[in-house]
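Peer 1: Start from the sequences and build out the full structure, keeping to the hints where you can.
So in this note's numbering the end of the sequence shown lands on 57, straight run, no missing numbers.
Hints in this document: simulated from the structure, not taken from any laboratory.
Please note: incorrect hints may appear among the correct ones.
Cβ pair distances, simulated, as ranges [what the hints assert, rightly or not]:
| id | residue 1 | residue 2 | range |
| --- | --- | --- | --- |
| 1 | LYS54 | ASP22 | 39 to 47 Å |
| 2 | THR27 | ILE51 | 45 to 53 Å |
| 3 | LYS57 | ILE37 | 24 to 32 Å |
| 4 | LYS57 | PRO23 | 43 to 51 Å |
| 5 | TYR49 | ASP22 | 23 to 31 Å |
Note that beta-carbon positions come from the ideal geometry of N, C-alpha and C, so glycine has one too.
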Amino acid sequence: MVTEYSFLINGFSLIQISGYLDPGSFTAIIAMVIGGIAGVGMTLKMYWYKIKEKISK
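Peer 2: Rendered as structure tokens:
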């Protein structure tokens, strides 16, 4: 069953996928995504009043 899904993913891609994502890599990717979302949220929080003034004009 795993090989069937592997064929579907590799069979329809333009490049050959020969990588491997272990649980540690997946955890690092999730941490980067959460950190990016938190960074955008904090930036919006810091500049909220400036953005609000520009929109209300």
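Peer 1: Looking back at the hints listed earlier, which ones does the structure fail to meet?
Peer 2: Checked against the structure, the hints that fail are numbers 2, 5, while the rest are satisfied.
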